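Take a look at the letters that make up each chain.
2 protein chains.
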Amino acid sequence: MAAELRAPTDKELAEFVYVKTLAQDARDKSINVLGRLAKSPTDEPQNAILLFQRTPFDEGEILDISTRFHTWKPIEFNDIYYRYTGQTYDIERYPAFKATLIWPATDAHIAKYSLQARRLFNETPEIYQSVVKPYIDALPLSKIQWVYNILEKKAEADTIILEVEGEEKGFILTPDMKWDGITMDALYLTVIVHRRDIKSLRDLNASHLPLLKEIRRKVLELIPQKYPAVGADEVRLFVHYQPTYYHFHVHVVHLRHDTIPGGIVVGRAHLLDDIIGNIETFDPNYYQKATLTYFLGENDALFGRLSEAGARVSP
Amino acid sequence: MAAELRAPTDKELAEFVYVKTLAQDARDKSINVLGRLAKSPTDEPQNAILLFQRTPFDEGEILDISTRFHTWKPIEFNDIYYRYTGQTYDIERYPAFKATLIWPATDAHIAKYSLQARRLFNETPEIYQSVVKPYIDALPLSKIQWVYNILEKKAEADTIILEVEGEEKGFILTPDMKWDGITMDALYLTVIVHRRDIKSLRDLNASHLPLLKEIRRKVLELIPQKYPAVGADEVRLFVHYQPTYYHFHVHVVHLRHDTIPGGIVVGRAHLLDDIIGNIETFDPNYYQKATLTYFLGENDALFGRLSEAGARVSP
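Protein chains in written order, with the UniProt record's numbering: chain A, 1 to 315; chain B, 1 to 315.
If you're looking for bench data, these hints aren't it; they were derived computationally from the structure. None of the values given here were measured: they were computed from a predicted structure. A few of these clues could be false.
Pairs count within a copy or across copies, as identical chains cannot be separated in the list.
[To be verified] The list that follows gives simulated cross-link-like pairs (lysine-lysine, DSS-like), each with its CA atoms no further than 30 Å apart:
hint: 1; residue 1: Lys143; residue 2: Lys153
hint: 2; residue 1: Lys289; residue 2: Lys218
hint: 3; residue 1: Lys133; residue 2: Lys213
hint: 4; residue 1: Lys213; residue 2: Lys289
hint: 5; residue 1: Lys169; residue 2: Lys289
hint: 6; residue 1: Lys153; residue 2: Lys39
hint: 7; residue 1: Lys199; residue 2: Lys143
hint: 8; residue 1: Lys289; residue 2: Lys199
hint: 9; residue 1: Lys20; residue 2: Lys289
hint: 10; residue 1: Lys218; residue 2: Lys39
hint: 11; residue 1: Lys39; residue 2: Lys213
Build out the structure end to end from the sequences listed, making use of the hints.
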């Protein structure tokens, strides 16, 4: 392999060969392309991914941009990530676009930046028992060791905003990694419960109402005290199903921050107020009896199993 | 007033005076600014709004751009709307940004393009009865005359994709105005029921299950037939509460199309599958007994009344 990592020179970048578009997002004004780039004229070309963000592109422009690397301004390099800005009339101050070069790019990178097909699933209680629960039970606890480290103060202890002690109703509240801590419109906190016996929404019943109500009350009291620019009526408290990890946690997100990974789309997200209401007003075992509807990407672990079990939405 | 409308000249645009930023959206990469522009050196300056879309801006750049109008390329003019693209290294083919000038801009324009504050509300059954229902009942039917025109085939009859006749379970299915009819990833249809006695989600009970199930079945059967690129498991069927108009209708939107006005955010959107499940599995009067949680903008008609009624979310 090449001796040391360094940024490609303009001359090298000019040899970038466009292969295909991996994904395109008109909302984000971004496009991810796959190409080939060699470290030297005698080396074998390797996969290289270019991520662009700007006003909507077409593929003709991507081909054109890749002949003009000498006009790009390098910003920073970190390991295999090389960041640039592209020119407008005043490249120093107002870039037309940002570009990140990932090189060499692995298959995992290519999968990560490619568009995934999505499908909608109806998970009945029966399908939960026969497909999803066995999957969750088989997950190694090591996958959530990082959660236990936070709960045990072995990591990130200095970021804890609030802690309520106790097995039954205890939890910690921390800023989410995705939040910069400054932009109040994008406020994003996470509540992680101390108890380890709630894997997901499916495990919740009437015995958990004191915990859920304690979370709601303590968090809504604290927010305006700690973040005076944010009212108790300006945040959403919700959980995901399927969650991204199987230790019960609640997201606390500013109303205005509505484009977050995992998302707050109906079906995936469940408001804490609705969860409490469903259990308290309608059925202590609501979440064991309800059919839950959500989308999965084709790379999700449960996608194949749920498809085989016939859980995909149909007439 | 000026005799005829015409696009501002470069010289005129150079006199644009920036007043303030109305709204900024990091997701869309857009910014709306308010300024002042006069039709001639002897005329009084009038309000002018500039809408920009691109990679995230800061206000320093807006001030700078407004000194460089001579570099803008005009695209089209329509009434008070003047559209431009801004320069990169190749203005003919690859613009850095799009800009729309609205001039003269009315107060209604300014309100429209300004950011609205939002708050989250818990609407209990009691608050529905005392505040929301009277509001809905007092709305003039003329507000939904356009819906009746569609149902009676007085308008848009040629766009009807499917019709099921009958008072109890009847409905029509049409493409939504917002959909171009071509981009399958953005497929957006609307189901409008024939019966006129369901104003919103709050009116639904077990007697409506046949209607709701008929809608689900017929729509999910039709989609893959009429739009072969779209599976029955690639669309979301949902309703809004509060809805944008008070005649029961169901949205049918492609899974991938997740940034739509009104939105599919949890709380505002309710999956048809969840509505059917809640009524059928848990309580025939679920939607009369549940507390519904949703956000409103401060310009919404119910914002003030619900705030006075104490419905804003609190600990």
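> Does the structure break any of the earlier hints, and which numbers would those be?
Replying inline: Hints 6, 9, 10 and 11 are the ones this structure does not satisfy, whereas the remaining hints hold.
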